[in-house]
Amino acid sequence: MKIEPEFDSLVPAQSFDRRSFIVTSLGAGFAVATQSALAQTAIKTDDAGLVAGEVKVPAKDGDMVTYRAVPAGATKPSVVLVVSEIFGAHEYIRDVCRRLAKLGYCAIAPELFARQGDPRQIASIPEIQAKITSKTPDAQVLADLDACVAWAAGKGADTSRLAITGFCWGGRIAWLYAAHNPGVKAGVAWYGRLVGAASEITPRQPIELAGQLKAPVLGLYGGLDAGIPLETIDAMEKALKQGSAAAQASEIHVYDNAPHAFHADYRPSYRKEEAEDGWKKMLAWFRKNGV
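With the numbering used here applied, the sequence shown corresponds to residues 706 to 996, in that order.
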């Protein structure tokens, strides 16, 4: 039995509202703010044997452009939600999806900033933060991820084996989603912030939700990450020990000599040894938790 033919085609537009969604196509390449010589030597995963490309996922207020990669002819593959850094679903995130698809997963990376703007076209990181991420509500993001899960289920994927992973901004979201969706089996958060000020956009932080985790999360962090102090990681570990069963089953691994974004193979922060080890740990975490 093969996966439904619909998996090989785009989802027809349904109540698409161009006023709500500014970004309607993912384009190509890396985010402008991250362009460097290293982008030319980044890991490149082909799509041979895969069904990979843009789809439109019906969300609450229109269709959300999303990248998905899945093995061609797959039968009920497990699902991994891939949540981007502040740069959106650019080439690095799409490549991560293809890497996961080569291993048998249906990997889905929505453009979660599609209503706020296109961070891939903004050259300054502070400008991305001011114009895009600071205006993207957690509640909107969680609902959009729910929409991706519903879409995958409708296309024949096995959402009873659901995982989430995210990088930087997306690492924080991975923690939040593991506390939000009881259907998640495993989460892996790559250097996502754990603490922060409460606001209407970000009302609660991972450390506040540790006790409510519905799935065990593996946190992968860099000991030299200037933006995520080790004391916040220590505090999170203490919160996990006092939390739910899933929280107590969670783990955090710190790579002592790694900076922030050590998995980002297209940036100067990339650390090959730590990135490869983290990837192995992520896959083992998925397997351990039935994904």
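Fair warning: there could be bad hints in the mix.
Ranges between beta-carbon positions, derived for each pair [what the hints assert, rightly or not]: (1) K946 x G758: 40 to 50 Å; (2) Q834 x I957: 16 to 26 Å; (3) E936 x A858: 20 to 30 Å; (4) S865 x E913: 21 to 31 Å.
Treat the hints as calculated values from the structure; they're not laboratory data.
All figures in this text were calculated on a predicted structure; none of them were measured in a lab.
Even for Gly, the Cβ is constructed at its ideal location relative to N, Cα and C.
How the hints compare with the structure:
no., hint, verdict
1, K946 x G758: 40 to 50 Å, "holds, 43 Å"
2, Q834 x I957: 16 to 26 Å, "holds, 25 Å"
3, E936 x A858: 20 to 30 Å, "violated, 40 Å"
4, S865 x E913: 21 to 31 Å, "holds, 28 Å"
Taken one by one, the earlier hints fail for this structure only at number 3.
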